[in-house]
Amino acid sequence: MELLLIFIIGLLHAAGIYMLLRRSMFKMIIGLILLGNGVNLLIFLLGRLVKGKPPVIDEASKVFTEIYADPVPQALILTAIVIGFGLQSFAIILIKRVYKVLETDDLDELNSTDEEI
Amino acid sequence: MASAVLLLFFWSYIKAQKFLSVILSLVGLGISIWLFSAVYDGGMLVTQSGNWSAPFGISFVADTFAVTMVLLAAIAGFAVSVFATVSMNKARLQFGFFPMLHFLIMGLQGAFLTGDIFNLYVWFEVIIISSFVLITIGGKKAQLEGAIKYVALNLLASIFFLIGIAFLYGLTGSLNMADLALKVQEIENKGLINVTASLFLVAFGIKSAVFPLYFWLPASYHTPPPAVAAIFGGLLTKVGVYAMVRTFTLIFVGDDFLSLVLSVMAALTILSGALGAMVHQHLGKIFGYLIICHIGFMMAGIGMMTELAIVGTVFYLVHDIIVKTNLFMVSGIILKINGTQNIKELGGMYKNYPLLSLLLAIPLFSLVGIPPLSGFWAKLFFIQGGLESGEYILITFIVLGSFLTLWVIAKVWVEVFWKKGVNLPKKAIGRYFHELRQREKWVLLLPIVFLSIISLYIGLGAENIISLSQRIASELMNPAAYIENVMSQNQIEL
Numbered sequence: 001m002e003l004l005l006i007f008i009i010g011l012l013h014a015a016g017i018y019m020l021l022r023r024s025m026f027k028m029i030i031g032l033i034l035l036g037n038g039v040n041l042l043i044f045l046l047g048r049l050v051k052g053k054p055p056v057i058d059e060a061s062k063v064f065t066e067i068y069a070d071p072v073p074q075a076l077i078l079t080a081i082v083i084g085f086g087l088q089s090f091a092i093i094l095i096k097r098v099y100k101v102l103e104t105d106d107l108d109e110l111n112s113t114d115e116e117i
Numbered sequence: 001m002a003s004a005v006l007l008l009f010f011w012s013y014i015k016a017q018k019f020l021s022v023i024l025s026l027v028g029l030g031i032s033i034w035l036f037s038a039v040y041d042g043g044m045l046v047t048q049s050g051n052w053s054a055p056f057g058i059s060f061v062a063d064t065f066a067v068t069m070v071l072l073a074a075i076a077g078f079a080v081s082v083f084a085t086v087s088m089n090k091a092r093l094q095f096g097f098f099p100m101l102h103f104l105i106m107g108l109q110g111a112f113l114t115g116d117i118f119n120l121y122v123w124f125e126v127i128i129i130s131s132f133v134l135i136t137i138g139g140k141k142a143q144l145e146g147a148i149k150y151v152a153l154n155l156l157a158s159i160f161f162l163i164g165i166a167f168l169y170g171l172t173g174s175l176n177m178a179d180l181a182l183k184v185q186e187i188e189n190k191g192l193i194n195v196t197a198s199l200f201l202v203a204f205g206i207k208s209a210v211f212p213l214y215f216w217l218p219a220s221y222h223t224p225p226p227a228v229a230a231i232f233g234g235l236l237t238k239v240g241v242y243a244m245v246r247t248f249t250l251i252f253v254g255d256d257f258l259s260l261v262l263s264v265m266a267a268l269t270i271l272s273g274a275l276g277a278m279v280h281q282h283l284g285k286i287f288g289y290l291i292i293c294h295i296g297f298m299m300a301g302i303g304m305m306t307e308l309a310i311v312g313t314v315f316y317l318v319h320d321i322i323v324k325t326n327l328f329m330v331s332g333i334i335l336k337i338n339g340t341q342n343i344k345e346l347g348g349m350y351k352n353y354p355l356l357s358l359l360l361a362i363p364l365f366s367l368v369g370i371p372p373l374s375g376f377w378a379k380l381f382f383i384q385g386g387l388e389s390g391e392y393i394l395i396t397f398i399v400l401g402s403f404l405t406l407w408v409i410a411k412v413w414v415e416v417f418w419k420k421g422v423n424l425p426k427k428a429i430g431r432y433f434h435e436l437r438q439r440e441k442w443v444l445l446l447p448i449v450f451l452s453i454i455s456l457y458i459g460l461g462a463e464n465i466i467s468l469s470q471r472i473a474s475e476l477m478n479p480a481a482y483i484e485n486v487m488s489q490n491q492i493e494l
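Those sequence lines, one after another, are chains Z and Y. When the count follows this note's numbering, it moves up by one through the first sequence with no breaks and lands on 117 for the last residue. When the count follows this note's numbering, it moves up by one through the second sequence with no breaks and lands on 494 for the last residue.
Among the hints, a few may not be true.
[As the list claims (entries may be wrong)] Mimicking DSS-like on lysine-lysine, the simulated pairs with C-alpha atoms at most 30 angstroms apart in a straight line are: (1) Y:140 / Y:441; (2) Z:27 / Z:96; (3) Z:100 / Y:149; (4) Y:344 / Z:62; (5) Y:149 / Z:96; (6) Y:141 / Z:100; (7) Y:190 / Y:140; (8) Z:96 / Y:420; (9) Y:351 / Y:441; (10) Y:183 / Z:53; (11) Y:149 / Y:190; (12) Y:441 / Y:344; (13) Z:27 / Y:141; (14) Y:149 / Y:183; (15) Y:140 / Z:27; (16) Y:441 / Y:149; (17) Y:420 / Y:351; (18) Y:419 / Y:351; (19) Z:27 / Y:149; (20) Y:411 / Z:96.
What the hints contain is simulated information worked out from the structure, not anything from laboratory work.
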């Protein structure tokens, strides 16, 4: 399971960076989304994977007696997903707006800010 | 206690009115002053949200550094809030400028006060989402282009930050900064710690626009209206510096490799910022490059990592937040009077508005640090700190950066204020300055007067600020008290 996750994370990161390096604005956003998902999986993996051991304490004891699945990384990922979702939807709307105003999807043509006004 | 400051800014979400916004900023300023004096007299305040004790719950820590930054953010927020009531046009205000401004300040204050690394990430997101809205509001062509660059780079920075947090959690199993400070010391695998630290460095470096990562700043900061640029230039890059100071004094302490990287980056940041400011003709861009240059000074202080240098960094942060906010408002006034920000076209300001020019001279020249104005003292500490630790190359860059800043400011002064003015063609920028009513003119000038008085105070009453910075620096260099305060049980209940 760990090995599979590692490959998926690597693939997501590679694909995300590849997309970021393209010149199209739309592909840039897809790249950022892929990277974001890759990072979420990375947090999941680095929080140690434990199978079928929910973090629930037995009635009999006061503390954990055996290894349990850490709930903190899952909370982190949940937060990161929600925040990432909000940011991505904003970015997509922004790109749509930029496309309407500038009528181009090519990042190389966004150079009017570098001219002397 | 901390949440009182934070919750306050939620209120303005409901009614976006100029009046309410100004009043609430004033109340926020009052509460920040109260918090500041409470911490300054009574020592560090810690609160745990959700009643989980550290290291499990999310802590909010108000040490001297944090409350100083909160106070500065409140001052800058108040000034910009007043400035924006007149300088922003109606359409932008209708799209929720004020609520977003308050969310931004709330995010900043949260980021300053939090004692939890993941919570810091969340506050960063609050900051960037409201700054995205602020930078795109109004939507002209250049502004949208600047916004795309800004948004893309900041999203990338967040991803780097998150990877860093993932590694840190994987290594230590903790997110509380005080707890991390203890656990990171124990880890044998120094290589992995350095990798993690570098990830944080890249994330905060993008935020604060240091040398290889600064290209988004000059491309975007001159595009939004001056009120927005003022709060961005004054505070947004500084929150990156704040986070850097926090993590590199508390969590990743005393590594030669990191100090070297920081110093090299600082030197190149100073150089590239100063050179960029020299070649540009647009006021907004010149000030944008000057931000980069002066971020380099603060980085140099972190790179040297001696107590004296940290005093310099903290002093410079205090000085820079006030002065940079003021500078962008000055450029807004110049735009209002003349209809352009190109210094080749401008001129004759001193002849037409002599008193106003004298007022505008205060932020311009305190930026250079002509003694006794505020920038001077911080540089003194950098140079002392550098001499102490033998970083002569870094000192050379700092002195060089100061001279180039002087050159740039002198150029701005000569071109804008002393040169013979020409009658500029009218442009559609809303109303010009002389068309405003008397009351509105005063409202525009009031925040500049306010911030100028503060920066004069920083310069003339420097001993107070120096003793404050020394206290902050000694707290930062000896994090034991911070850790002990966070981890101990006797804390104030919310």
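So, going through the hints one by one against the coordinates:
1. Y:140 / Y:441: Status holds; Cα separation ~26 angstroms.
2. Z:27 / Z:96: Satisfied, since the Cα-Cα distance of roughly 13 angstroms is no more than 30 angstroms.
3. Z:100 / Y:149: 17 angstroms, holds
4. Y:344 / Z:62: Status violated; Cα separation ~75 angstroms.
5. Y:149 / Z:96: Holds - the C-alpha atoms of residue 96 of chain Z and residue 149 of chain Y are around 14 angstroms apart, at most 30 angstroms.
6. Y:141 / Z:100: Roughly 10 angstroms between the alpha carbons, so the hint for residue 141 of chain Y and residue 100 of chain Z holds.
7. Y:190 / Y:140: 49 angstroms, violated
8. Z:96 / Y:420: Outside the cut-off at roughly 45 angstroms; violated.
9. Y:351 / Y:441: 19 angstroms, holds
10. Y:183 / Z:53: 26 angstroms, holds
11. Y:149 / Y:190: 35 angstroms, violated
12. Y:441 / Y:344: Roughly 26 angstroms separates the two Cα atoms, so the pair holds.
13. Z:27 / Y:141: Within the cut-off at roughly 21 angstroms; holds.
14. Y:149 / Y:183: With Cα atoms ~37 angstroms apart, residue 149 of chain Y and residue 183 of chain Y exceed 30 angstroms; violated.
15. Y:140 / Z:27: Within the cut-off at roughly 23 angstroms; holds.
16. Y:441 / Y:149: Violated. Residue 441 of chain Y to residue 149 of chain Y sits at ~34 angstroms, over the 30 angstroms cutoff.
17. Y:420 / Y:351: 8 angstroms, holds
18. Y:419 / Y:351: 9 angstroms, holds
19. Z:27 / Y:149: Holds - the C-alpha atoms of residue 149 of chain Y and residue 27 of chain Z are around 14 angstroms apart, at most 30 angstroms.
20. Y:411 / Z:96: 41 angstroms, violated
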